[in-house]
Structure formats: structure tokens, C-alpha cells
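Since the structure of chain A is already known, use the hints to place chain B on it.
Spelled out from the first residue to the last, the chains are:
2 protein chains.
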Amino acid sequence: MARITLDITMSLDGFVAGPEPSMEDPLGKRGEELHEWVFGLATWRSAHGLEGGETGPDADLVAEHAAAYGAVVMGRRMFSGGAGPWESDGNAGGWWGDDPPFHVPVFVLTNHARDSLKLKGGTTFHFVTDGIEAALDRAVEAAGDRDVHVAGGADVVQQTLNAGRFDELTIHLAPVLLGAGTRLFDGIDARATRLEPVPMPASPAVTHLRYRVVK
Amino acid sequence: MARITLDITMSLDGFVAGPEPSMEDPLGKRGEELHEWVFGLATWRSAHGLEGGETGPDADLVAEHAAAYGAVVMGRRMFSGGAGPWESDGNAGGWWGDDPPFHVPVFVLTNHARDSLKLKGGTTFHFVTDGIEAALDRAVEAAGDRDVHVAGGADVVQQTLNAGRFDELTIHLAPVLLGAGTRLFDGIDARATRLEPVPMPASPAVTHLRYRVVK
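Heads up: the protein sequence lines correspond to chains A and B, in order. Heads up: the first sequence begins at 1 in our numbering, then just goes up one per residue. Heads up: the second sequence begins at 1 in our numbering, then just goes up one per residue.
Think of the hints as simulated: they come from the structure by calculation, not from any bench. Some hints could be false.
Copies of the same chain are indistinguishable here, so a pair counts whether it falls within one copy or spans any two.
Here are the simulated lysine to aspartate or glutamate pairs, DMTMM-like style, with alpha carbons at most 20 Å apart [as the list claims (entries may be wrong)]:
(1) K215 / E33
(2) K29 / D189
(3) K118 / E141
(4) K118 / D89
(5) K215 / E168
(6) K120 / D60
(7) K118 / E133
(8) K29 / D155
(9) K215 / E196
(10) K120 / D145
(11) K120 / D98
Bound conformation, chain A alone (with noise of 0.2 Å):
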């Protein structure tokens, strides 16, 4: 059966995406500054059509956590930053061109229904407009045995945290104070959730925090 996991950057003050975020500026102002950590690394830099770049334990993690799963879910302003009938999403495609680096099936939360989209590499994208219940059923039968990664935004995350669905939180947390921005945990129902720390590599970059959530 495969585990629900979340693998996310977050600020020191709790932050995932900064301020008035936009078309331009998808992680908000100062966003990308969580994310300095990764973007010098081989694994993430190969996933993404570049040559070079350092390896270590952070690249050795977001190479685990690339090959560890078999389905995504995340919410349809992660997937195109925009709301409302698809026919007015001028970026309906989403993000990441004809070759999306998940090359895995990805559920996008959304209240409007639409034709999966089938792209290059493997990564398919299904629509699903009943719910996160029913995205988490349909990635954990899609991912076979390997996990199912929660990718975002903070809403969705939320959401499965508060149903009690995930088995392992792995958090990033740079060492950026954003001020303002979307929380990662904001409105949780904290008594869902008992955690435990797993040991995680030192890193010059980043800490790597990886907690397993008691059933």
C-alpha cells in the first residue's frame, strides 16, 4: 500500500510561498529564496534538462525523494496559479511545459471538471473535483507500491493532514525569515496528528527535518 508523504521547503517562520504571489511570481516575493538550497543540485538540476552541480547528502535526498514516488497530488493553484473555469486559465497547461518533471500521474484538486491531460515523460494530469479524500484514493491506487507525494500548496496539505492521511512529513527549512507569505500550518487540527522524528543528514544549506505521523 503506498504512503502519503509531503517533501516541502518551508522558511524559518513557517512560510512555503511569500507575499502576493503572481504569473511573474509564482512563489511570491522572495519565494525562490527558500528554494536556493536546491537549485545548485545534480539531482535537481538533471531532472531538469541541466548538466552539472554539486552532489552530497541534499542531492542524494531529492534524488530519494524523485525516485521514492508514483503518483502526486496537488492543488490546481499550484498546478496554474489560476481559479475559475479553465477556459479563462491562461496558463491551463500548467507550469511546467510538454515535459513535466513528475513522469508519474498527477491529481489536481479542483472544482472544475476537465479532460486529464497527457503529456511527455509519463506525467499525466488527471482533474479531480470530488475532493481530497477521493485525490489521495485515487494517487495511492495509481502510485502501486511507491508513495504518493502531496506537493501543494499549503491548502492541500492542510487538508490531508487534517484527515489523518499522511504517514511521513519531510520538511526543508531554510534558513530565511519571509515575514509574510503562506503558512505551511495554519488552521490544523493539531490532535490529528502525532509525529516522531527520523534522523536526517546534516546540511550546510538547509536542516532536513523528517517526522513519521503515529497511527
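Coordinates of chain B only, in the frame set by chain A:
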């Protein structure tokens, strides 16, 4: 010149106290869970007049911190849980009885002037009515070549951060989701602070984070 430092325990979701703090429950609901990592440590126990306890990196960090500071700054609510005139504060002597565990001068930020309160073991509480900068300045003078420990609450930490006065932040990240309470980082002027991670020992109970503030 004394460095100004923080040493505080925060939940994974960013809270330093749970909701609904009261005289019976000064850390708010489930707030005690934040500090579970520390209660069993030999160094914490001996500082509170108890015998035995665990040794190791966690205990060493607590001992190192206790030895490092020469003065403390805290808010009125952290001192007594009260507000308003001292005559109507039923806890005007503070939480810690006649031999508090600080053993150095403690500067309490308040709107209500009051004579200093000298207790046993070297702890004297001074009451500062002219704001955070004045409290920090007096603490720096009192600390000599040791550190000034900004103890809390969150509002005092935020004022110190926004004034650009911190030299180092140590945060013990507890594997707990509180869901509500007092956030450590709220109303932060993020532009004021650039952080550089400092390597810390691993612990199975809590994640020790330390950042140098780049000035």
C-alpha cells in the same frame, strides 16, 4: 561587548505557547509538550534543585546556555502572567519563588514602574518602562562579556528582532503540532534579518537550530 541571543523551544508549526494561557497553565493548552525534551535532562534538573537525569548533547546544550548568559530580558507576562498595575497582580513576585533559576540580573519590560526586586542566588529583577532598546542596553551593560539572553515572550523576541539587535538565534524545534497559540514569528520585519546556519548536534528528541544574524 555582550552578544544578544535567543534560546527558545518552538513547535513545528511555529508556536512557543499553546492557546488559552492561564495562571494554572502559563504555557497554554499542551504548551508543556514543547518542553518535554528538557525536563528529563540532568542539567535542567540540577538547575531546579532536582537530582539525576540524562546526560548527552541535549544536556550539554542546556548547560552551555545557562553558563553563557550574564543578563536576561523578558516581558511582563513571562515574569508574572499579569498585566496592569503591580498592586493588582497576584503573582507580582514572579513565577519562580524566592530563588529563581537565573542567577543574574533580569530586565522585565513593563508599562508600570517598580523598584528592583532582589531575590536569592544572584537574581535581581529590574523593571524597565522605557522600551526594548533601553532594556537591551541595560542588559548589555550588566552582562559584561557574557551574553544577554532574550527569554521571551514572543512579542519581546519580535521587538528585538525588528530592532536588528539579535546576534544569534537558537531554536529547539519540538516534534509537536499545537495548531494554535502564540507564534514566535509574527509581525516580523523580515528585511531586517539575514541568517547564517550554525551546525548543531543531532538529538532524537528535538531539532536544535542555531543561526548567526549577519550584520
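Practice item. Using 20 Å as the alpha carbon limit, work out where K120 and D145 are close: within a copy, between copies, both or neither. Key: neither (23 Å within a copy, 63 Å between copies)
Review point. Which holds for K118 with E141 at a C-alpha limit of 20 Å: within a copy, between copies, both or neither?
Key: Answer is within: at 18 Å inside a copy they meet the 20 Å cutoff, but 67 Å across does not.
Review point. At most 20 Å between C-alpha atoms: does K120 with D60 qualify within a copy, between copies, both, or neither?
Key: neither (25 Å within a copy, 54 Å between copies)
Check your understanding: 20 Å Cα cut-off: does K29 pair with D189 within a copy, between copies, both or neither?
Key -> between (28 Å within a copy, 14 Å between copies)
Practice item. Can you give me the call for K118 and D89, within, between, both or neither, at a CA distance of at most 20 Å? Key: within (18 Å within a copy, 67 Å between copies)
Exercise for review: At 20 Å max between alpha carbons, let me know whether K215 reaches E168 within a copy, between copies, both or neither.
Suggested key: within (11 Å within a copy, 37 Å between copies)
Review point. Given a CA cutoff of 20 Å, do K29 and D155 count as a within-copy pair, a between-copy pair, both, or neither?
Key: Only inside one copy: K29 and D155 sit 19 Å apart there, 25 Å across copies, limit 20 Å.
**Study point:** Copy assignment of K118 with E133, given that the CA separation must stay at most 20 Å
**Key:** neither (23 Å within a copy, 60 Å between copies)
Check your understanding: For K120 vs D98, is the C-alpha pair at or below 20 Å within one copy, between two copies, both, or neither?
Key -> within (6 Å within a copy, 72 Å between copies)
**Study point:** Status of E196 relative to K215 across identical chains (alpha carbons, at most 20 Å)
**Key:** within (11 Å within a copy, 36 Å between copies)
Exercise for review: Using 20 Å as the alpha carbon limit, work out where K215 and E33 are close: within a copy, between copies, both or neither.
Suggested key: between (34 Å within a copy, 19 Å between copies)
Checked against the numbered hints listed earlier, the structure breaks hints 6, 7 and 10; every other hint is satisfied.
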